[in-house]
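Trainee: As given, the protein sequences belong to chains S and R, one line each in that order. Just so we're aligned, residue 33 is where the first sequence starts under our numbering, counting upward by one. Just so we're aligned, residue 33 is where the second sequence starts under our numbering, counting upward by one.
Worth flagging that the hints you see were computed from the coordinates, not collected in a lab. One should not assume that every hint holds.
All copies of an identical chain are treated as equivalent in the list; a pair is satisfied when it fits inside any one copy or across any two copies.
To be verified - Derived BS3-like pairs (lysine-lysine); straight-line CA-CA distance at most 27 Å: (1) Lys360 with Lys146; (2) Lys51 with Lys313; (3) Lys51 with Lys441; (4) Lys250 with Lys441; (5) Lys146 with Lys313; (6) Lys250 with Lys383; (7) Lys383 with Lys441; (8) Lys313 with Lys383; (9) Lys441 with Lys146; (10) Lys250 with Lys146.
There are 2 protein chains.
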Amino acid sequence: MSQAVEADPVTTAASRDRKTLIARAVTLLLALGLWFCPAPAGLQVDAWHLFALFAAAIAAVVIGAFPILTSSVLALAAAVLTGTIAAEDAYSGFGNGTILLIVVAFLVARAVVKCGLGERLGQLAVSLFGRSTLGLGYSVFLVDAVIAPAFPSNTARSGVLFPLVLSVAEAAGVRPGSEGRQRLGSFLMFCGIASLTVSSGLWFTAMAANPLGAEIAKGYGLEISFGSWLVASSVPTLAAMALLPYFLYKVVGPEVTATPEAPRAARAALQAMGPLRTAEKIVAATFVGMVVLWGAAAHLGLDSTAIAFLGLGALLASGVLTLGDIAKEGDVLATFIWFAVLFAMSGQLNKLGFMGYLGERLAGRLGGLSPLVAGIALVVAYVLLHYLFVSQTAHLLALFGVFLDVGVKLGVPVAPFAFLLLFATNFFSANTPQGSSANLLFAGSGFLSQGDLYRLGALTTAFNLAIYLLVGTPWLVLVSR
Amino acid sequence: MSQAVEADPVTTAASRDRKTLIARAVTLLLALGLWFCPAPAGLQVDAWHLFALFAAAIAAVVIGAFPILTSSVLALAAAVLTGTIAAEDAYSGFGNGTILLIVVAFLVARAVVKCGLGERLGQLAVSLFGRSTLGLGYSVFLVDAVIAPAFPSNTARSGVLFPLVLSVAEAAGVRPGSEGRQRLGSFLMFCGIASLTVSSGLWFTAMAANPLGAEIAKGYGLEISFGSWLVASSVPTLAAMALLPYFLYKVVGPEVTATPEAPRAARAALQAMGPLRTAEKIVAATFVGMVVLWGAAAHLGLDSTAIAFLGLGALLASGVLTLGDIAKEGDVLATFIWFAVLFAMSGQLNKLGFMGYLGERLAGRLGGLSPLVAGIALVVAYVLLHYLFVSQTAHLLALFGVFLDVGVKLGVPVAPFAFLLLFATNFFSANTPQGSSANLLFAGSGFLSQGDLYRLGALTTAFNLAIYLLVGTPWLVLVSR
Numbered sequence: 033m034s035q036a037v038e039a040d041p042v043t044t045a046a047s048r049d050r051k052t053l054i055a056r057a058v059t060l061l062l063a064l065g066l067w068f069c070p071a072p073a074g075l076q077v078d079a080w081h082l083f084a085l086f087a088a089a090i091a092a093v094v095i096g097a098f099p100i101l102t103s104s105v106l107a108l109a110a111a112v113l114t115g116t117i118a119a120e121d122a123y124s125g126f127g128n129g130t131i132l133l134i135v136v137a138f139l140v141a142r143a144v145v146k147c148g149l150g151e152r153l154g155q156l157a158v159s160l161f162g163r164s165t166l167g168l169g170y171s172v173f174l175v176d177a178v179i180a181p182a183f184p185s186n187t188a189r190s191g192v193l194f195p196l197v198l199s200v201a202e203a204a205g206v207r208p209g210s211e212g213r214q215r216l217g218s219f220l221m222f223c224g225i226a227s228l229t230v231s232s233g234l235w236f237t238a239m240a241a242n243p244l245g246a247e248i249a250k251g252y253g254l255e256i257s258f259g260s261w262l263v264a265s266s267v268p269t270l271a272a273m274a275l276l277p278y279f280l281y282k283v284v285g286p287e288v289t290a291t292p293e294a295p296r297a298a299r300a301a302l303q304a305m306g307p308l309r310t311a312e313k314i315v316a317a318t319f320v321g322m323v324v325l326w327g328a329a330a331h332l333g334l335d336s337t338a339i340a341f342l343g344l345g346a347l348l349a350s351g352v353l354t355l356g357d358i359a360k361e362g363d364v365l366a367t368f369i370w371f372a373v374l375f376a377m378s379g380q381l382n383k384l385g386f387m388g389y390l391g392e393r394l395a396g397r398l399g400g401l402s403p404l405v406a407g408i409a410l411v412v413a414y415v416l417l418h419y420l421f422v423s424q425t426a427h428l429l430a431l432f433g434v435f436l437d438v439g440v441k442l443g444v445p446v447a448p449f450a451f452l453l454l455f456a457t458n459f460f461s462a463n464t465p466q467g468s469s470a471n472l473l474f475a476g477s478g479f480l481s482q483g484d485l486y487r488l489g490a491l492t493t494a495f496n497l498a499i500y501l502l503v504g505t506p507w508l509v510l511v512s513r
Numbered sequence: 033m034s035q036a037v038e039a040d041p042v043t044t045a046a047s048r049d050r051k052t053l054i055a056r057a058v059t060l061l062l063a064l065g066l067w068f069c070p071a072p073a074g075l076q077v078d079a080w081h082l083f084a085l086f087a088a089a090i091a092a093v094v095i096g097a098f099p100i101l102t103s104s105v106l107a108l109a110a111a112v113l114t115g116t117i118a119a120e121d122a123y124s125g126f127g128n129g130t131i132l133l134i135v136v137a138f139l140v141a142r143a144v145v146k147c148g149l150g151e152r153l154g155q156l157a158v159s160l161f162g163r164s165t166l167g168l169g170y171s172v173f174l175v176d177a178v179i180a181p182a183f184p185s186n187t188a189r190s191g192v193l194f195p196l197v198l199s200v201a202e203a204a205g206v207r208p209g210s211e212g213r214q215r216l217g218s219f220l221m222f223c224g225i226a227s228l229t230v231s232s233g234l235w236f237t238a239m240a241a242n243p244l245g246a247e248i249a250k251g252y253g254l255e256i257s258f259g260s261w262l263v264a265s266s267v268p269t270l271a272a273m274a275l276l277p278y279f280l281y282k283v284v285g286p287e288v289t290a291t292p293e294a295p296r297a298a299r300a301a302l303q304a305m306g307p308l309r310t311a312e313k314i315v316a317a318t319f320v321g322m323v324v325l326w327g328a329a330a331h332l333g334l335d336s337t338a339i340a341f342l343g344l345g346a347l348l349a350s351g352v353l354t355l356g357d358i359a360k361e362g363d364v365l366a367t368f369i370w371f372a373v374l375f376a377m378s379g380q381l382n383k384l385g386f387m388g389y390l391g392e393r394l395a396g397r398l399g400g401l402s403p404l405v406a407g408i409a410l411v412v413a414y415v416l417l418h419y420l421f422v423s424q425t426a427h428l429l430a431l432f433g434v435f436l437d438v439g440v441k442l443g444v445p446v447a448p449f450a451f452l453l454l455f456a457t458n459f460f461s462a463n464t465p466q467g468s469s470a471n472l473l474f475a476g477s478g479f480l481s482q483g484d485l486y487r488l489g490a491l492t493t494a495f496n497l498a499i500y501l502l503v504g505t506p507w508l509v510l511v512s513r
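Taking the hints into account, I'd like the entire structure generated from these sequences.
Mentor: Structure (structure tokens):
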């Protein structure tokens, strides 16, 4: 991020080390402090001990003591070695079909980038919609929305979207720091961040946390499928998609409003790409097949994860994806590990009665409010708390179950409330640059200052919150009864 | 492998493609042929269908139709989508503690290579034992045996051992193709391959298939721990370690027998390395801690996998291992996937009664033989069948359970028989260059022709088989009652 370079790097590194050490000491004190605190009346000792480890693990990530992988692995080891949870329960997340779906889909998404299909779709959209700055903004949202259902990792999708936005910006004559078109660059780059907040909310399979949240919601009697998610998300999300580019256009105020050259550049790029290559055809066919099967999964009684495995197998067998490609995906393994660990710990916390206990206490405090006011207050609080998190999934794992529980206890109808929280889990990612790893490429592009990022992030999040509450609430109450 | 370069590469590639296509057609025909064959009387249809998929998946790897990842992923998708096995059973391998132990240990082993501790231990051994060619051979076996318990991947260990053997060979003045010292190079390189066959057998945690086999043996009432494995393996394996270098020395007949310069070169290399670096100390302390805890795990009621997670967490927290290192370990993810998939399928095959059925049939055919003769015949057959396999673990998964079952039905005592098969699973790796991925670095070094590899491989395997049967059988009968 080009704005931070001014400080002396040695001093910065030393103060970072000191800050990390302090953060680690705080984490240790927190873990020990909670652990040795007597468990509140009505709560099992194991539940309290697991909460101490889980809270310390999440706090460690929030305050920068450890990366999420280190934190979760240490918490897991502590939880099992102290006998707080049984080993087989601690490892159960690794065998969870929903988590495996995400792992496999990460690998499958690699093929879209590799074969060039992602870039082709991007250029196609620009060639059709890129005549004006506003049109370019809409084309970013459109491309993202179209490719999203096949990308359960919004981070992976940002890897496809960013080169497109960058090439669109470059086609429009924008360079970081260049005079006269700086705000055009900021607009396009923030469209990328903002688009991911809503494209991820539109489709069940467009973001890793969605099926994970659905799995948690299942515990409250809400069954969410690919189809029912789409119905619930469609109206508020399409409203947000329709209004967000215009909103950002007005807030940022790009210097240039017409880009008549962009469609031509895109057509030239498409021309240079030539006809669909065999690899692109194979990937396209595989994805269409997977999306069709995912859509029909509920009716035909097919397992979604097995469909993803079939797609992975097809791409490997065709040679589009090679063992060499998989060998580069060690970060998928890291994600798999911390994800599975935190998922299992969160699940055990719930199973041991902690969520219910916390829910009852919080519900007691919000007791006097009507379900509508309580629900809205909870959604707003849930969104604001994301300032403390660096991962959408960690936030979901830590708080979604608790908030859902409190809402249900206060009489908020479970289906609309769960969906609002799940959509919020997608759109709160924009509020800070570190709010989602999907932001990082855009935030580091050099087109957006730290100030821009926090200001536009807060505005975008507030805008989304307003739309989902105002448009989403009545729609959800209507369709999810 | 330098010996194969003579052929026209285009023709070779084309004929390889044709061979792959034929192999895939054969795999498909095999799968469909078995699937639509009526299930033999006394066997559930699901068990027969799963056998069709499992056999086709293993056959596909053996005949080169697909790599093991592709094959297992396709078999899994077919098994779940056809309803042959339930999704949760199919994914259960991912949550298995034993498999997770291997995954974590793969990552932890990376730190030994990265920090330079592996090379230091190697140079130390050479400085002590490297005065003669035979001494150099023994030093390879010694280093390997000492580092082995911390390396559950013999492939990962080969990555530490190979640079050592190569630098020893170079210190002794050997280059591929150079006149006068060619057989010295062959001797040292084959010592690497042969050493891995026995070091892997010595320690429970020295080879991924060992705990996996122990998990399968548990189903026959045999509980294997770190300690009981070591007792069982010690006498026959130390006998093999003591005799193998001398045996290979006599068979290969190196031109040079004295290498007085090697200890000095090693001391110079150690000098150049300087004192133990902080990273090496951290890794050494972590490994000692892990090995101590693993040794005490049974007594203290600690979970071995959680100990491995603790070690991983410590290495990540100390910064010896970084997220960037993990990001390069995508092949660990690939191994995790195929391993977990085949493990679960093999387990389900057993659960559905297939192994028992096959065991009864085979037992019927070997019916007249005494338990001793039957046991020996089964071990010899098990070893010979490895000519068909390119993976030790795939062999174990496919045949260990079946052979164990047959032996038990014929009255062979389960403990000595299971251990002999498990040791064989380690030592049969030498019989072909592709018999284990741990061979590949040595086989590709240019010091060994294809002829050497098959001839020395067959001799080493026969030698090991003789030692384990003659020395191991009475020892195992003595200690495993």
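Trainee: For every hint, state whether the structure bears it out.
Mentor: Here is what the structure says about each hint:
no.	hint	in the structure
1	Lys360 with Lys146	both (12 Å within a copy, 18 Å between copies)
2	Lys51 with Lys313	between (50 Å within a copy, 24 Å between copies)
3	Lys51 with Lys441	neither (40 Å within a copy, 64 Å between copies)
4	Lys250 with Lys441	within (16 Å within a copy, 47 Å between copies)
5	Lys146 with Lys313	within (13 Å within a copy, 41 Å between copies)
6	Lys250 with Lys383	within (14 Å within a copy, 30 Å between copies)
7	Lys383 with Lys441	within (17 Å within a copy, 43 Å between copies)
8	Lys313 with Lys383	neither (46 Å within a copy, 41 Å between copies)
9	Lys441 with Lys146	neither (48 Å within a copy, 53 Å between copies)
10	Lys250 with Lys146	neither (36 Å within a copy, 44 Å between copies)
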